[in-house]
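Throw the hints in and build the complete structure from the sequences for me.
If you use UniProt numbering, the sequence shown closes out at 249, no skipped numbers anywhere.
Only pairs whose alpha carbons sit at most 27 angstroms apart, straight line, appear in this in silico DSS-like list of lysine-lysine: (1) K201 <-> K168; (2) K36 <-> K201; (3) K28 <-> K71; (4) K24 <-> K54; (5) K168 <-> K36; (6) K32 <-> K91.
What follows is a list of derived Cβ distance ranges for each label pair: (7) D106 <-> K36: 19 to 29 angstroms; (8) D125 <-> N62: 34 to 44 angstroms; (9) D120 <-> D92: 38 to 48 angstroms.
These are calculated hints, taken from the structure and not from any lab test.
For each residue, glycine too, the CB sits at the ideal point set by N, CA and C.
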Amino acid sequence: MPDSITNINCSEIKKQVEETRTPKNIHKALLKDSAKPLLDNLHPNPLVEIDFWKAKAADLLNIFEQLNASKVRQMAKILEQANSSYFLPFKDMFKSVVAALREAQDIDAHLSVLRPYVEDMERADFDQLPQQIDPCRNYLDPTDVLKGEAEEAIVKVDEVLRLLHTFKSSYEHHRENLPSYFDKITDFQTQQVAVVPWEFKTELAFGRFDAFTERVEMIRWRFNERPPGCSVMTINLKKVHCPADARLI
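Okay, structure coming up:
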């Protein structure tokens, strides 16, 4: 065994290892997912997502600093020189922490700038929201759909569907073209930037959005199927399901 290994105070290394977060706790921290409230049907607001990434970034930074301590790095060197079977798992764990920390800090940096705007929206009264969100001036009371002539109501529903599909299509377009955005970043840097895809499940982010869209499509289909001369006020929208081939895509 090299002299550099035998000269190390093993008791100090042992103490340092014991004070470092255990691999089980580190693995648990790495697996924390902001989607959990959605999966639990808690309907979290935007601040929950912002707070999650802030807390995760802080937690991972604490883990990184512990793993990067001089005595822990010394321990890793001993494991490597001794060809220990523990060295590669330790190395992989450290790489996972670094990658997760970079991701959490990047997301936190982009979400944190939204906090003041989200907080202002939550504090504001509903009639003040148009000042926070300009498109709110176009807000349509759902009861207005069943007022007036059917032709007028259909125009309103069609406009809602157009906006919903445009929003979803924009998301899908940018998700599909994500690698090209990283190519543009590479143009300004000497080192190529690895592509980081959006790995979250679309249904987690758009579950309620899709359900609402399906409901509006059902209303549009019901208007088309109404008997001639039937007023929109008499159309029963309860327990009516839109056939899949009748939905507007």
